[in-house]
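These protein sequence lines map, in sequence, to chains A and B.
So in full-length UniProt numbering, spot 108 of the first sequence is number 108, and the numbers just go up one at a time.
So in full-length UniProt numbering, spot 38 of the second sequence is number 38, and the numbers just go up one at a time.
If you're looking for bench data, these hints aren't it; they were derived computationally from the structure.
The beta-carbon is built from N, C-alpha and C at its ideal position, and this holds for glycine as well.
Warning: the hint list may mix true and false statements.
What the hints assert, rightly or not - Pairwise CB distance ranges (calculated):
(1) B:I85 - A:P15: 17 to 25 Å
(2) B:E153 - A:S29: 18 to 26 Å
(3) B:E153 - A:K51: 56 to 64 Å
(4) A:Y177 - B:K132: 40 to 48 Å
(5) B:K159 - A:S105: 42 to 50 Å
(6) B:Q138 - A:Y80: 32 to 40 Å
(7) A:I167 - B:V32: 20 to 28 Å
(8) A:G49 - B:V32: 50 to 58 Å
(9) A:S29 - B:K96: 20 to 28 Å
What the hints assert, rightly or not - Quick list of in silico lysine-lysine cross-link-like pairs, DSSO-like style, CA-CA up to 30 Å:
(10) A:K54 - B:K96
(11) A:K194 - A:K241
(12) A:K8 - B:K96
(13) A:K48 - B:K69
(14) B:K103 - A:K51
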Amino acid sequence: MASIFGDKDFISRLPNDCLISILSFLNPSSLDVIEYVNQKLRNLAIHKGWKRPKRAKNEIVIQQVQQRQVLLVTSQVNDYSLIWDPMIPMNFENKKSKFVYISGSLFNAIEEMSFKFAFQKLKLMEVHLDNSFSRNLQTTFHGDLPSSLELVRTTTSNTFNLIEFLIDTKIRTFSFYGAKTYEVSLFNEDFVRKFSGAGNTRLAIYRYFKESEYSWKPSTNLLPVICRYTTLHLEHMIMIKAILEELIPMAFKLVEKDVSWYFTMDSQLDENELANFNNGQFSMEKRTGCEVFAIKKKMCQKSCEITIGENNLLIIKFYSNLNSDALNKNIRALM
Amino acid sequence: MVLITLVSSDEQNFPVERELLKQSGTIETLIVNMNLDDEDTDAAAMPIPLPNVKGDVLEKVIQWMEHHKGDPVKEGDNEDNNAEIVVPQWDDDFFKPAMYGSKHLELTVAASYLDIKNLLTLSCKAISNTFKGKTGPQIREEWGVPNEFTPEEEEAIRKENEWSE
């Protein structure tokens, strides 16, 4: 064994598995430095066959721009770097554009990115989703997609099952902006139940239209499921007063964290409509100068705020502790 | 106390306490395969050859195992916790004198060959600690690694990584 260590450069002569073990102790910055040491260490540092410690990044974005898809990455809000664009040639040299060329297809570029970086969120903007895209995406991320998915004005093929995709990829937080009428119809009571059943607590579906044939009213069976969500933005779910009167007392029992829920109220909600919450168990008061109703339960640290916004938008916020920072901040903002 | 004899590549014999050898997956497998734990087997008469480990390295390995006698044996890879592993002072002092020479690296290779996970982990961690906070040229200088890259190649690597900070 000793004969192979004849030169002064002993470290390069270590077997690859030992070198990989050494590299696995380094943080992402040190691994970047290692790439400069020599070709052997560089090849190992960028080799896809090991679990390289990753640098945290905020979002990876696939965006449709004029008939083509581009890839962007952001580490801070609104600070995007263009990573891959099939229309930009390899010798592009404008540093101000923050452009980095990665050869190969869009999915090669994603694979390169996901090897070095751990993304919190995958954002798909105006892209067309079909089964092939979904398969490629899962292969590229080696089945380990970012836990949060945001769709913005995406379209889907008839055969693509968005709900299965969300469950299979273990997406924990899902937001959908500009959902088409058909797509909104997917996010019905059954989906809300299934998504929660997969252990998820954050779901947001945004829409651009006020009324829809796909709006639906929750059954009382859904109320315990709603209570499991910390964020639930379902404007196409129409809340009726009788259901709301069941939801609030149930939430006081079941909700353990601060939560925000957004629904649409079927009709105007005023102080009189909520008067039932002024009873022996609960107290309700309207905050001065705004459409915010605060509900408290006697002998309970939790607190609830109900806000009625434009287009009957119903915002329900629960605070698990009366002294929570979030509640204090909200109260200060209202004063 | 049962002793088992290890034979290094340069034919040196090392009688080692049976209990210590539980730290080495490779030797443990050989002991089982050779039935050395059987009461009927004369373990002293059946030395274990280790053709991939030189005597001076094996001596260091045994010294390390003696110090770590009774430590829980690490099982499987646990890469997720790598950042939290700290090289204890005794081990740091043990590795340091030979750190940048061939001996420490031979010890690391021996730990890998003998499947002594705790030794391999601490040895690799100690090497990786020498990289921290250094530049590429500094690491090359300390470890005697020739620079294989042209200035153009270095620039290409720099460009590849510049946006990622």
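For each hint, the structure was consulted:
About 21 Å separates the C-beta atoms of B:I85 and A:P15, a value consistent with the hinted range of 17 to 25 Å. At about 20 Å, the beta-carbon gap between B:E153 and A:S29 stays in the expected band of 18 to 26 Å. Taken as a hint, the range 56 to 64 Å is violated for the pair B:E153 and A:K51, whose Cβ atoms sit roughly 26 Å apart. Checked against the hint of 40 to 48 Å, the C-beta distance between A:Y177 and B:K132 comes to roughly 43 Å, which is consistent with it.
Checked against the hint of 42 to 50 Å, the C-beta distance between B:K159 and A:S105 comes to roughly 21 Å, which is inconsistent with it. Checked against the given bound of 32 to 40 Å, the beta carbons of B:Q138 and A:Y80, roughly 34 Å apart, stay inside it. At roughly 46 Å, the beta carbons of A:I167 and B:V32 sit outside the given window of 20 to 28 Å. The supplied range of 50 to 58 Å is broken by A:G49 and B:V32, whose beta-carbon atoms lie about 31 Å from each other.
Taken as a hint, the range 20 to 28 Å holds for the pair A:S29 and B:K96, whose Cβ atoms sit roughly 24 Å apart. Between A:K54 and B:K96, the direct Cα distance comes to roughly 29 Å. Compliance with the 30 Å bound is thereby established for this hinted pair. A threshold of 30 Å between alpha carbons decides the hint, and for A:K194 with A:K241 the separation of about 25 Å falls inside it, so the pair holds. Among the hinted pairs, A:K8 with B:K96 is consistent with the structure: their alpha-carbon atoms are about 17 Å apart, no more than 30 Å.
For the suggested pair A:K48 and B:K69, the alpha carbons sit about 37 Å apart, so the restraint of at most 30 Å is broken. Between B:K103 and A:K51, the direct Cα distance comes to roughly 28 Å. Compliance with the 30 Å bound is thereby established for this hinted pair.
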